[in-house]
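Protein chains: 2
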Amino acid sequence: MAIELHCFGESGNAYKAALPMELAGLDWRPVFVDFFNGATRTEAYRRDINAMGEAPVMVDGDVTLTQSGVIQQYIVEKTGRFGGADAAEAREVLRWQFWDNHKLSGQAGTVRFLMNFVPEEKRPQPVIEFMQARLRSVYDILETHLTGRDWIVGRDVTVADFSCCSYLYYPEPFGFDRADWPGIDRWLGNIQSLDGWKHPYDLMPRGG
Amino acid sequence: MAIELHCFGESGNAYKAALPMELAGLDWRPVFVDFFNGATRTEAYRRDINAMGEAPVMVDGDVTLTQSGVIQQYIVEKTGRFGGADAAEAREVLRWQFWDNHKLSGQAGTVRFLMNFVPEEKRPQPVIEFMQARLRSVYDILETHLTGRDWIVGRDVTVADFSCCSYLYYPEPFGFDRADWPGIDRWLGNIQSLDGWKHPYDLMPRGG
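Protein chains in written order, with the numbering used here: chain H, 1 to 208; chain X, 1001 to 1208.
Simulated from the structure, these hints should not be mistaken for lab results. Note that the structure is predicted; figures quoted are calculated from it, not measured. Think of the CB as a built atom: it goes at the ideal place given N, C-alpha and C, for glycine as much as any other residue. Among the clues, some could well be false.
Chain X side only, calculated, beta carbon under 8 angstroms to chain H, not exhaustive [said to hold, decoys possible]:
1. TRP1028
2. PHE1032
3. ALA1051
4. THR1066
5. VAL1076
6. GLY1080
7. GLY1106
8. PRO1173
Now the stretches of chain X that chain H is said to cover, found in silico as 3 or more residues with beta-carbon under 8 angstroms [what the hints assert, rightly or not]:
9. 1093-1099
10. 1126-1134
11. 1141-1150
Given only the sequences and the hints, what does the whole structure look like? Please build it.
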């Protein structure tokens, strides 16, 4: 039976799970979550799908997982791919997954949401500016790390790359421009060059 | 040789690493990071200690790790404790670690910092209010989960507990009051009852 991923195209967090499944050739299918009409906030969703009220949720037979970082680690276990070459690299992969969740996606996803999916009159401009300032130092850390490297960890692509790239392909403005960050830009191109790569909007159904 | 933890008492993220080392009886010692005087922002710190410019950093012989979630997983490997009873529980532990980093500590740590360690005239009040509103739904998810449970995962304490509790023992106000959340309050008491438990300010040197 195909793995089901409860997701929607606008979710970079869902993309973190969908992209490695697609690239590893796993048999999976998206199950659309109508996030913008409040699906994740319903009692039924919290009871039957995810008490944390978030997407993505992955269902593989009797294994149900939430939190993209955990789903990514499960894909590593299941496929033996994208996990780093040894134990030290595996820890380094996990390190960048945590950093991404805490510092990069955690803030970039929020700013993008506030700038594009909240009515203009309700946009909290000081919050957007605060997070954008913090994000500049986050992009700077990634840029410095990627200078002279093709991938975030070791010599091959890992789920650390699929985690950190997740919000950076979207066309909606949120204060990030690839042209400003040559190391990040080149690395995003490396990921796009992988056989079977797809943009989030081509991989998952859109809600917005 | 003792494990070194580069840390400071005000850091809940450092506490996530220090507390399980202490409770497992590992030979460790804190190395004070003078965060409030800019230590983590120096070139030397980024070059020699952590390019991400964060604390904690753990050094165990030739293993250097950053990101509290990774250090916690290393402690689990090293001690065989606090990791959950089986593979399913281990994934659930990781899930709550990610959730905590992304949603709970990631925001609670920021709000506490802004409300207590930034000069009053520089406090971005709209940011504080935005994050406090989001945190109420985060506490609510934790409260619901802990109703009828002693621990976050399974029947014993895990690093998921040490992750999620990390900012909740601090005396500085940031909009969280144990009295408002009876399930969380009881669970924090369970952790405090563990043999050898210490408050972050008794476990690590304070900078503020």
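Legend entry - Residue hint GLY1106/X, partner chain H, criterion CB-CB below 8 angstroms: 5 angstroms, holds
Legend entry - ALA1051/X as an interface hint toward chain H, with CB separation required under 8 angstroms: 6 angstroms, holds
Inset, instruction - Report holds or violated for chain H covering the segment 1126-1134 of chain X, Cβ cut-off 8 angstroms, minimum 3 residues. - result: With 3 residues close enough to chain H, the hint holds.
Legend entry - Restraint check, 8 angstroms cut-off on beta carbons, for PRO1173/X near chain H: 20 angstroms, violated
Inset, instruction - May I ask you to test the interface hint for THR1066/X with respect to chain H, counting a Cβ-Cβ separation under 8 angstroms as satisfied? - result: Holds, because the Cβ-Cβ distance from THR1066/X to chain H comes to roughly 6 angstroms (cut-off 8 angstroms).
Inset, instruction - Count residues of the segment 1093-1099 of chain X with a Cβ under 8 angstroms from any Cβ of chain H, then say if the count reaches three. - result: Result for this restraint: holds, n = 5.
Inset, instruction - Report holds or violated for the interface hint on VAL1076/X, using the least CB-CB distance to chain H and a cut-off of 8 angstroms. - result: Hint violated; VAL1076/X Cβ to chain H Cβ min 12 angstroms, cut 8 angstroms.
Legend entry - Coverage assertion for the segment 1141-1150 of chain X with respect to chain H, Cβ distance below 8 angstroms, three residues required: holds (count 3)
Legend entry - TRP1028/X as chain H interface residue, shortest Cβ-Cβ below 8 angstroms: Cβ of TRP1028/X sits 18 angstroms from chain H, so the hint is violated.
Legend entry - Proposed interface contact between GLY1080/X and chain H, which counts if any beta carbon pair is under 8 angstroms: 16 angstroms, violated
Legend entry - chain H contact restraint on PHE1032/X - CB to CB distance below 8 angstroms: Violated - the Cβ of PHE1032/X stays beyond 8 angstroms from chain H, reaching only about 23 angstroms at its closest.
In this structure, the earlier hints numbered 1, 2, 5, 6, 8 are contradicted, and the remaining ones agree with it.
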